[in-house]
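Enquirer: Guided by the hints, dock chain E onto chain X, whose structure is given.
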Amino acid sequence: MSAEWGTTRSRWNPLFWLPTVVAVVIAGLLWEWIAIGNPYLLPRLGQVGLQLVTNTSYYLENAWVTLSEALIGLVIGLISAFIVAVLVTESGILRRAIMPLAVILNVTPVVALAPALVVAFGFGPAPKLIVTALITFFPILMNLIIGLNSVSPPVLQVFTTLHASRLAVLGRLRLPGSLPYLFAALRVVFPLSLVGAVVAEFIAPGAGKGLGTVISVASANSRLAVVYAAIACLAAMGSLLLLVVILLERRVLRWHESQLSRRN
Amino acid sequence: MVTEIDAPGSDDRLVVSGAAKSYGRPGAQRPALADVDFSMNRGQFVSIIGPSGCGKSTLLRLMAGLEHPDTGSVSIFGSTPAEASAAKMIGFMPQVPALLPWLSVLENVRIPLKVNRRADARRRELPGHRPPGTADPVALLTELGLADSVRALPHQLSGGMQQRVAIARAFATQADVLLMDEPFSALDEFTREATQDQLLKLWQKLVTTVVFVTHSVSEAVVLSDTVVVMSPRPGRIAAVVPIDVPRPRRHGLVEAKVLHDYQDLIRSKLQSAGVSSS
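Sequence order for the protein chains is X and E. Each residue of the first sequence is one higher than the one before, counting from 1 in this note's numbering. Each residue of the second sequence is one higher than the one before, counting from 1 in this note's numbering.
Just so you know, these hints were derived from the structure itself, not from any lab. Please note that a few of the clues may not be correct.
Said to hold, decoys possible - Per label pair, the in silico range of CB-to-CB distance:
(1) E:D136 x X:V107: 55 to 61 Å
(2) X:A235 x E:F190: 52 to 58 Å
(3) E:D148 x X:N149: 32 to 38 Å
A virtual CB, placed ideally from N, CA and C, is assigned to each residue, including glycine.
In isolation and in its complexed conformation, chain X is listed as follows (with noise of 0.2 Å):
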């Protein structure tokens, strides 16, 4: 189980950093190359730079706007999805109830849902919530289902024999057998709620802010810089929050496979 490597190559090591160095040189090096034969295709990355650094405190505002849209539909989309897999993996009815409207919620475009959304809501945030939170809805679910049947049969068998309450199985045994399951989910979901924020901005622009808007906008009067500014912006916060899940995964799953791992 334990991964001899890590100790042999530490972060200092050439080896470890320098694939990373390289691929990132190599591809800003094509990028400029392209951008300074075809203006069209690429603004060039200073000016992107230049963008960001003379306009911080605006592209910090409306990065702000999609980050809370995407954290607020984001919790949305948990608490829901937390409660249906809850209520589906503890009563077969209400499983065959609501599984298939899941589905059916999950098969259709939330992007084609998002202009019905708009004229039903307006142009305030309740369409964005409402986008993120749906794209978030179904991986957290699944993932929750599988996590919350996942017990290991003996140790439900030390449970039955005790005679424990379902809501004792499902408090000590389900819910913290499903962290790990939960944290994939997060994985995705995390990065995935800035996707539904800024589709609901495209849909929506010109009313309030938001990165959506500013690229949406942007494109229309052909300022390439601009959009590539607002597009390093959201890169940015999705990986911020990838890192958020990742150092939450190792707070809490300490005592999991894939934690172990690591620390070796």
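Expert: Same frame as chain X, now just chain E:
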């Protein structure tokens, strides 16, 4: 149907009578147990031995109330398995340690005390319960040589240590009967013998009743007051062998010759029951 057993002193006996159990759909049933009668006294250590497929684990699960017999009945000191488990009179120990990986060793041992808290009241009402209260988890772990590991997580322990934690957990409620399903089968021989010694020590100290399923002849002999030999297809009891060896029976302390004679006797019983034992 449950037939009531009115044998005298059934408050102090664990009785399985006429139990049969089949698996599979009607029409394509595979019998696992056929008409098994079994009884033991409180405070005894009884092993059930037999090859795979002889129904020894099924018999244990019937006693634990994890499964129900098609015909016949089970009485745990005068109560049904359901009543007994509702009162936490039964401690079950599966083949694997089955610890909760997110809880420390100590918290794992305390789990049986935390679930089903109403059991203590139920327990006092049942006839067959002898009330010793609960055992102190820390004292149990110390007794099993795990005093230094109470704060550790299960994955930090060896397989043998994990199984000792499971023993402590089984003893924590001071259950009236401990049902153990091949708990040491995954351990290496040295660890296994040490763990057997510790189990025996606890059993004598805490005066518990143990039903111990195993496929090891030597393990059955060294641990038990009585060895029940089962034969397969369909599972039934082929012989009951009392082991008349004085206790305490720590490894290396008992005269090897006596134990060997008993082992040979049980092997011959297994063979005459249609089992080629290795």
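Enquirer: Each hint needs a verdict: does it hold in this structure or not?
Expert: Verification of the supplied hints:
Separation of E:D136 from X:V107 is about 56 Å and conforms to the stated range, judged on CB atoms against 55 to 61 Å. Taking 52 to 58 Å as the suggested C-beta distance range, the pair X:A235 and E:F190 conforms, at roughly 57 Å. E:D148 and X:N149 have their C-beta atoms about 36 Å apart, which keeps the hinted 32 to 38 Å range intact.
The structure is consistent with each of the numbered hints, conforming to all of them.
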